[in-house]
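Protein chains: 2
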Amino acid sequence: MSAYPELEARFRRISVLRDGARVLNWDQSVMMPPGGAAARAEQIAALEVLLHELTTNPRMEELLDEAEAGRGGLDGWQDANLAEMRRRWRHANAVPADLVEAYSKACSASEKVWRKARPENDFAGMLPHLREVLRLTREVGAAKGAAFDCSAYEGLADLYEPDLRVAEIDPVFDDYAAFLPDFLDDVLARQAMATAPHPPEGPFPIAIQRELCRRMAEAVGIDFEAARLDETLHPFSGGVPEDSRITTRYEEDDFAQGMMGVLHESGHAMYEIGRPADWRYQPVGRARGMILHESQSLIVEMQVCRSPEFLGWAAPVIAEAFAKEGPAFEAENLYRLATRVERSLIRVDADEVTYPAHVILRYRLELAMIGDELDPAELPAAWNDGLEALLGIRPPDDRLGCLQDIHWYSGAWGYFPTYTLGAMTAAQLFDAAKRDD
Amino acid sequence: MSAYPELEARFRRISVLRDGARVLNWDQSVMMPPGGAAARAEQIAALEVLLHELTTNPRMEELLDEAEAGRGGLDGWQDANLAEMRRRWRHANAVPADLVEAYSKACSASEKVWRKARPENDFAGMLPHLREVLRLTREVGAAKGAAFDCSAYEGLADLYEPDLRVAEIDPVFDDYAAFLPDFLDDVLARQAMATAPHPPEGPFPIAIQRELCRRMAEAVGIDFEAARLDETLHPFSGGVPEDSRITTRYEEDDFAQGMMGVLHESGHAMYEIGRPADWRYQPVGRARGMILHESQSLIVEMQVCRSPEFLGWAAPVIAEAFAKEGPAFEAENLYRLATRVERSLIRVDADEVTYPAHVILRYRLELAMIGDELDPAELPAAWNDGLEALLGIRPPDDRLGCLQDIHWYSGAWGYFPTYTLGAMTAAQLFDAAKRDD
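Those protein sequence lines, which keep their order, are chains A and B.
So the mapping is simple: our numbering equals the position in the first sequence, first residue as 1, plus 191.
So the mapping is simple: our numbering equals the position in the second sequence, first residue as 1, plus 191.
Hints listed in this document are in silico derivations from the structure and should not be mistaken for laboratory results.
Honestly, I wouldn't trust all of these hints.
Same chains, same label: a pair holds when it works inside one copy or across any pair of copies.
Within a straight-line C-alpha distance of at most 25 angstroms, the following computed SDA-like cross-link-like pairs (lysine to any residue) qualify [as the list claims (entries may be wrong)]:
#1 K307 <-> E416
#2 K296 <-> A315
#3 K303 <-> Y472
#4 K303 <-> D596
#5 K307 <-> A228
#6 K307 <-> D414
#7 K296 <-> E239
#8 K307 <-> L265
#9 K303 <-> E416
#10 K307 <-> E422
#11 K296 <-> E516
#12 K303 <-> R278
#13 K515 <-> L379
#14 K296 <-> L528
#15 K625 <-> Y526
#16 K307 <-> P319
#17 K303 <-> F415
#18 K303 <-> A212
#19 K307 <-> A506
#20 K307 <-> F621
#21 K296 <-> L245
#22 K625 <-> L255
#23 K296 <-> P196
#24 K307 <-> F415
#25 K303 <-> L242
#26 K625 <-> L591
Hey, can you work out the whole structure from these sequences and the hints?
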C-alpha cells in the first residue's frame, strides 16, 4: 500500500476508536453510578494511551514524510486531509505516553471530585486536584508549545482551535472589555424604561419539559431515531453523527434554561450530523476547531431561537405543553425575556451582552495560571475581583464563582476563548446569511 | 522487566480495554437509538481487532514461553494466572485478525436484524444473516478446533467453558431427555390434583415494578451506588464489578417475569462483584467458565428466590408495592406459582423441570448446524419437531420458536449447554451448602 492510503486506513481506525471513547465519556457523565468512577477512569486512560500509541507509532512519521513528498498526486481533499493528519500527529507526538496516561487519570479523578465539590461549595477540597491537573496541564502545554513554536497556553488552545494566538485574542477581548461597561449601562437603562416582562410562573414539571425539549430539538433538525436527549450536571453534546447524545439540565421553576440548553446542544449536534459523509472518519472530515462548532450551536440558540419568528411559533407550543395561558406566555413577552440583559453570576445562563465578560474573565485567569502568575489558591479571590471589575457584581460563594464550570477541573484549558469568538462568528454568519436571503 | 510481570502488565491492559468494550455493548443494547447501529458495529469491531492484536502480538508468545520456562519461581495464583494467559492467547491466536473483524461486524449486523425480525416473526428476513454468521462461526470453530485439538463445536464452546466436550455433555443431556417425559407427566398429574394457584391480577404498573425490582436486587446484595437497573429486549448482566449493569424486561400483566429476571441477573452481577480484588484485571481473576457463572445466577433465582423462605419475606412487600391484597398475593400462593411446572414455548420463562428440554433442543440443533448436518433453512421445522418430541408442544410461529433467543444471531454458539449444566451445578452447590449449615 502506498503511504497516503495507508495513512487513511490508520487514521480511520483511530477515528473509530475515538468515537468509542466518546460513548464511554457520555456514559460516565450521564449514566454511570458513582461506584464506577475509578474503573471508568482506567478504561478511558487505557484508550487514550492506546490512541496516542497508534498516532505516534514510528511508522506514522515515515508514512507522513513519504506522503508529503508525493503530495502532487493528491486531490484537494486528500491534500487537506494530509495536513490535518500531520497536525494531529504533532499534537500527539509532542506529549510522552506516560504523561498522557497520568493526565487522563488526574482529570478523571478531579472531575469526579468537582461533581461533589461544586454543589457543596468546597473549593478547599477541590484545590489539591486543581493543583495536580494544572501541574500536568502546564507540562502538556510546555511540550505542545515547543512542538508548535508558541507559548504553553497557545499550545493547549491549539487543540481546540488551530493557530489561535494570544496576540489575536487579546485585542478582541480587551476591546470588548472596554466597550462593555458603558454599553451595559445603556442597555440596562433602556430596559428599565420599558415595563418589565411577565415572569412565567411555574412549576414546570420536568416530565413535560423533557417532552417539550424533544419537540424543540426536532424543530431545529434532530431526528430521535438517531439521537438521545438526557440529563446531566454539566450539559454537553456527545456521541457520533449517527447517534447524537444531547444532554441538558432542567429547573422546575424555569423551563427556558433547559430548553435553551437543548437548542444550543442541538446546534452542536447538527454540525456533527452535517459533516461530509465521505470523510466521516478522516481528520479533514472532523471539526477543525471549536470556534466554528460553537458558532453553529449559537446560531441555533442565540440567532434563531431567540428571534421573534421562532418564539412566535414556540409560544403557543410552550403554553399548551404546560397548560398555561396569559401574558407571560405570549411570544412578545417570551422574546423580551429571551433577550433580556442583566448582570449575573453564571456563565451558562448569561445573556448575549454580558456572556463575553464571563469568558474574558476565565481566559485571563487561565492564561495567568498556565503562565504561573496566579496560584490556584488565589483563584477564588481573583475570580471575584475580576467579575466585579468586568460586570460590577461579586459572587457570594465559589459555587456561583470559580467552581461553576467543569473545564479546568476536567482538563479543558484554553477552551474558553472559543465560546466568545464563536458567538461573534455566529452573529456575523447569521447576519451575512440574512443579507444573502 | 522479566517475562511474568510484563505479561501481567499486558493482560491488565487487555482486561481494562475489554471492560470498556463491555460498556459499548451495554449501551448498544440498552441506550443506543437505532441510527447508531452501523457506527457502533465499527467501534466494537475496531476494539475487538485491537484486543486481538494486543493478545497475538508476537512478543506475547515469547513472553509466555519464557515465563513458562521459569514457572518454578511463581506462586500458586501466578502459576494459575499464567495457565489462563496461555489459554486466552491460544483462543486469540487461533483466529486471524481479518476473520475477527468480519465476524464482529457480521454479528452486529445480524443482531440488529434480529431485533426487528423477532417481533415481526420474520425468519425469512433473518435467514441470510444467520447463514453468514454460521459460515463465519464454522470458520472460527474450525480454527479453534485445530488449536485445541477438538471438534469445531468444542472449540467454540471452549470460550465459554474450558475443556467442555461433547462426549461429556451428551450422556447428561440424553439421560435427562429420557427421564423427562414420564417425570413431567407425573409432575403435571400431581399438580392437577391440587387446586390451582390464584393468578395475581394486574395491571402491574411498570414504574412500580421498577422500584420493586430495585428493592429485590438490593435484598440479594446489589448496591445501586455501584449498579444500574435498565430495560432491554434480551435481558443480560453487563458492566464491571464496580458498576454492574443489570437489565430486564417488564410485562404489565405479570410482575414475576421482570422480578425473576432481575434476581437472575443480580446473581450474575454478585458473582462478578465477588471476584478477587487483587486479581481484578488478570485472567485468573476473571470467571473461568459460564457453568459456574450461571450456577450463581440460578442459586439466586431458582434456589433462593423461589423458596418458601424468600417468598415469605417478599409476598407482603409485593402486595404493598402494588396495593393489592387477597389470596393471590399470599406467600404460599406465590410459592406455588414460582415452582409451577408446565409445557411452555419460551426458554427464559420455563420452569426448572422443563428448562433443560429447551437447552437440549438448542444444543442438538447448534451441534448439527456447526457440523453441517442441518441447513439453517430447515431450522424452523427442525426446531418445532424437536420441541414437540421433547415437550409435546409445538410453536405456532418462529417468534415463539427459533427466533426467540439472541444467541445464534449474535454469534454465541456453544453457549447453551452452560445454562443447564449451570442449573445442575446450582442445585448441587445449594444442596451441599444447606447440608453444611
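Going down the list of hints, with the structure as the test:
Proximity of K307 to E416 under the C-alpha cut-off of 25 angstroms is restricted to the inter-copy arrangement: shortest distance 14 angstroms between copies versus 34 angstroms within a copy. In this homomeric assembly, K296 and A315 come within 25 angstroms of each other (Cα to Cα) only inside a single copy, at 21 angstroms, whereas the closest approach across copies is 49 angstroms. Taking CA atoms no more than 25 angstroms apart as the test, K303 paired with Y472 passes between copies only; the shortest distance there is 22 angstroms, against 31 angstroms inside one copy. For a Cα distance limit of 25 angstroms, the shortest separation of K303 from D596 inside one copy, 13 angstroms, qualifies, whereas the shortest one across copies, 39 angstroms, does not.
For the identical chains of this complex, K307 and A228 are intra-copy neighbours only, at 13 angstroms inside a copy versus 35 angstroms across copies, given an alpha-carbon limit of 25 angstroms. Proximity of K307 and D414 under a CA criterion of 25 angstroms is satisfied inter-copy only: 20 angstroms between copies versus 34 angstroms inside one chain copy. Taking CA atoms no more than 25 angstroms apart as the test, K296 paired with E239 passes in both settings, with 10 angstroms inside one copy and 24 angstroms between copies. Taking the shortest Cα distances, K307 and L265 never come within 25 angstroms of each other, neither inside one copy (51 angstroms) nor across copies (43 angstroms).
For the homomeric pair K303 and E416, the shortest alpha-carbon distance between copies (14 angstroms) is at most 25 angstroms, but the shortest distance inside one copy (31 angstroms) is not. For the identical chains of this complex, K307 and E422 are intra-copy neighbours only, at 17 angstroms inside a copy versus 28 angstroms across copies, given an alpha-carbon limit of 25 angstroms. For the identical chains of this complex, K296 and E516 are neighbours neither inside a copy (51 angstroms) nor across copies (53 angstroms), given an alpha-carbon limit of 25 angstroms. Taking identical chains as interchangeable, the C-alpha atoms of K303 and R278 are never at most 25 angstroms apart, the minima being 31 angstroms within one chain and 37 angstroms between chains.
In this homomeric assembly, K515 and L379 never come within 25 angstroms of each other (Cα to Cα): the closest approach is 29 angstroms inside a single copy and 60 angstroms across copies. Taking the shortest alpha-carbon separations for K296 and L528, neither the intra-copy value of 42 angstroms nor the inter-copy value of 51 angstroms comes in at or below 25 angstroms. Only within a single protomer do K625 and Y526 lie at most 25 angstroms apart by alpha-carbon distance; the minimum there is 19 angstroms, versus 71 angstroms between protomers. Taking identical chains as interchangeable, the C-alpha atoms of K307 and P319 lie at most 25 angstroms apart only when both belong to the same chain, with a minimum of 14 angstroms there against 52 angstroms between chains.
When the C-alpha separation of K303 and F415 is checked against a cutoff of 25 angstroms, the pair qualifies only between copies, where the shortest distance is 18 angstroms, while the shortest distance within a copy is 30 angstroms. Taking CA atoms no more than 25 angstroms apart as the test, K303 paired with A212 passes in both settings, with 18 angstroms inside one copy and 22 angstroms between copies. For the homomeric pair K307 and A506, neither the shortest alpha-carbon distance inside one copy (37 angstroms) nor that between copies (39 angstroms) is at most 25 angstroms. Within a single copy, K307 and F621 get their C-alpha atoms no closer than 39 angstroms, and across copies no closer than 43 angstroms, so neither meets the 25 angstroms cut-off.
In the homo-oligomer, the alpha carbons of K296 and L245 lie at most 25 angstroms apart both inside one protomer (19 angstroms) and across protomers (22 angstroms), since each shortest distance falls under that limit. Taking the shortest alpha-carbon separations for K625 and L255, neither the intra-copy value of 42 angstroms nor the inter-copy value of 67 angstroms comes in at or below 25 angstroms. In the homo-oligomer, the alpha carbons of K296 and P196 lie at most 25 angstroms apart only across protomers (22 angstroms), although the nearest pairing inside one protomer, at 34 angstroms, exceeds that limit. In this homomeric assembly, K307 and F415 come within 25 angstroms of each other (Cα to Cα) only across copies, at 18 angstroms, whereas the closest approach inside a single copy is 32 angstroms.
Taking the shortest alpha-carbon separations for K303 and L242, only the intra-copy value of 23 angstroms comes in at or below 25 angstroms, while the best inter-copy value is 28 angstroms. For the identical chains of this complex, K625 and L591 are neighbours neither inside a copy (37 angstroms) nor across copies (58 angstroms), given an alpha-carbon limit of 25 angstroms.
When the structure is compared with the earlier hints, violations turn up for hints 8, 11, 12, 13, 14, 19, 20, 22, 26 and for no others.
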